[in-house]
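S.K.: One-letter residues, chain by chain:
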Amino acid sequence: MPGTFLAESMDSSGRIAVEDGYSLGDTMTNRAFQWMKKLGHAATLLFCAYWLIATSAPNVPARDCFTGIGAKDTLRVVLGGPDSSQTPQVPSCQGLDGLVNDAALTFTLSQGPRSESAGCYGYETQSIVGTSDVTLAAAGPSSVWSNALTTVDGAFSSSRSSGCRGTWSIILEPDFELGSDQKVSPLDASSAERWTVVRSMDVAQAQFCDGVFSQTGNLQCQDRFLVQSITAVTP
Amino acid sequence: MPILPMAVVTTLGCVPDAATPNDVVALPLCVTGFQPNARLSVRLGAIYDASSDYLYDGSLAPFYSTPSCAGEDGMQTGSIVTFVLNGAATGAVGDSCAASRAHLDPDSLMVDDSLAGVIARPGVSIAAAYGNGSLNGRPTSAVRGLFTPNKMPRSTPVSRELPPLVVIRELRWQDPKTEEVEACFDSWIGSWESTP
Numbered sequence: 001m002p003g004t005f006l007a008e009s010m011d012s013s014g015r016i017a018v019e020d021g022y023s024l025g026d027t028m029t030n031r032a033f034q035w036m037k038k039l040g041h042a043a044t045l046l047f048c049a050y051w052l053i054a055t056s057a058p059n060v061p062a063r064d065c066f067t068g069i070g071a072k073d074t075l076r077v078v079l080g081g082p083d084s085s086q087t088p089q090v091p092s093c094q095g096l097d098g099l100v101n102d103a104a105l106t107f108t109l110s111q112g113p114r115s116e117s118a119g120c121y122g123y124e125t126q127s128i129v130g131t132s133d134v135t136l137a138a139a140g141p142s143s144v145w146s147n148a149l150t151t152v153d154g155a156f157s158s159s160r161s162s163g164c165r166g167t168w169s170i171i172l173e174p175d176f177e178l179g180s181d182q183k184v185s186p187l188d189a190s191s192a193e194r195w196t197v198v199r200s201m202d203v204a205q206a207q208f209c210d211g212v213f214s215q216t217g218n219l220q221c222q223d224r225f226l227v228q229s230i231t232a233v234t235p
Numbered sequence: 001m002p003i004l005p006m007a008v009v010t011t012l013g014c015v016p017d018a019a020t021p022n023d024v025v026a027l028p029l030c031v032t033g034f035q036p037n038a039r040l041s042v043r044l045g046a047i048y049d050a051s052s053d054y055l056y057d058g059s060l061a062p063f064y065s066t067p068s069c070a071g072e073d074g075m076q077t078g079s080i081v082t083f084v085l086n087g088a089a090t091g092a093v094g095d096s097c098a099a100s101r102a103h104l105d106p107d108s109l110m111v112d113d114s115l116a117g118v119i120a121r122p123g124v125s126i127a128a129a130y131g132n133g134s135l136n137g138r139p140t141s142a143v144r145g146l147f148t149p150n151k152m153p154r155s156t157p158v159s160r161e162l163p164p165l166v167v168i169r170e171l172r173w174q175d176p177k178t179e180e181v182e183a184c185f186d187s188w189i190g191s192w193e194s195t196p
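Note that the protein sequences, when read in sequence, are chains A and B.
Each step along the first sequence adds one to the number in the numbering used here, with nothing skipped, and position 173 is 173.
Each step along the second sequence adds one to the number in the numbering used here, with nothing skipped, and position 94 is 94.
Be aware that one or more of the hints could be misleading.
[Stated by the list, open to error] Looking from chain A toward chain B, a few residues come up when the C-beta cut is under 8 angstroms (computed):
#1 Y121
#2 A155
#3 S158
#4 S159
#5 A204
#6 Q205
#7 Q207
#8 G211
#9 Q222
Simulated from the structure, these hints should not be mistaken for lab results.
Just so it is clear, CB atoms sit at the ideal spot from N, CA and C, and this is done for glycine as well.
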């Protein structure tokens, strides 16, 4: 566990007990009680797992929200300008990873097993062409509650600025609420049927990005692009 | 499921597990190459954090947010600390190695080898000095750690890379009113006063 010194309690002499498994002045006085507590820990964990599953896991399969594309498909997404309808909470990533107005991203998508969720039956992103210095993490299903066509995480490490790196994620989703039975085609994306690409980065040490950011240290940035168009790419 | 037994089990499971000395075991040193009783004198340089000129290894800092100690124990940029190794390496069950136990010379706190907690990472964790005592009128525990994030303690620091030497210090005390444990933390880029 990261960290150095995990205090849990301090006795009357001022000695501090740490909770990461060792230390501190206390002695074991009742082994049976310790075992009971360990059993209690285990039982509690099992109970909590049962509780979480029983109370929060949706038992309905993710619904079909998307039409017009196959279970495996490749889409070319042309980014438009920033979504001015929403006030940015964090600074722009300034195109560090190549995502700027008019940039084209090519997503290779596939649908994995249908999960049980309250969200849409989304797609896993196998690859994205058009980004710079981004390495995608292993493909995974979309977030349980999401209406996104696809979401994917990755890592960014600048090839131009040593030490400029961080985590990276992207979401491709319709920019409107979907009705419970509504299906939309990403190929219909337009100014009338708005889709967005939201890309977020958590830059570990912004000062290493060579003047891109004015602040130093850890920095979160994000851009929300309106999509100009989405087209299917013929293999 | 019967409610009462469930409640008893749940309550038992929530009792914090008391740490015991039995959980501290002898381990190999994380960093070798220093004499068992070596005196390692390090000058504290710039603050080592995410705004540093060097690649920041955040795992050396607590995962919880802590303010700076603002030099209240005398450790601050420009000061010199000397770790006197005692050659012992004890740490937590499950760790693959331990930093060498050490004491600071001088130290306003009493050495307390019953304390533990410095992160143990092979090739990185050089020494850890634990202390207890009164600081500014309140009972305080301290951990002081010496690390080599780039695993080359005698190398020259290079901007945007992991530094060769880092000193960390965390102080903890109990607020007499709220009885909550409070903490402060700092870390610095270190440089040898004399190459060991």
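S.K.: Look at each hint and say if it fits the structure.
M.R.: Verification of the supplied hints:
At about 34 angstroms, the closest approach between the beta carbon of Y121/A and any beta carbon in chain B exceeds 8 angstroms, and the interface hint on this residue is violated. Taking 8 angstroms as the C-beta contact cut-off toward chain B, the hint placing A155/A at the interface is violated, the least distance being around 15 angstroms. At its closest, the beta carbon of S158/A sits 11 angstroms from a beta carbon of chain B; the interface hint therefore is violated under the 8 angstroms criterion. Annotation: interface hint on S159/A violated; nearest CB of chain B at approximately 14 angstroms, more than 8 angstroms.
Residue-level restraint check for A204/A holds (minimum Cβ-Cβ distance to chain B is 7 angstroms; threshold 8 angstroms). The interface hint given for Q205/A is met, as the beta carbon of that residue sits about 5 angstroms from the closest beta carbon of chain B, less than 8 angstroms. With its C-beta approaching chain B no nearer than about 6 angstroms, Q207/A sits inside the 8 angstroms limit, and its interface hint holds. A distance limit of 8 angstroms between C-beta atoms decides the matter here; for G211/A the minimum to chain B is near 14 angstroms, and the interface restraint is violated.
With its C-beta approaching chain B no nearer than about 19 angstroms, Q222/A sits outside the 8 angstroms limit, and its interface hint is violated.
Of the numbered hints given earlier, the model fails hints 1, 2, 3, 4, 8 and 9; all others are met.
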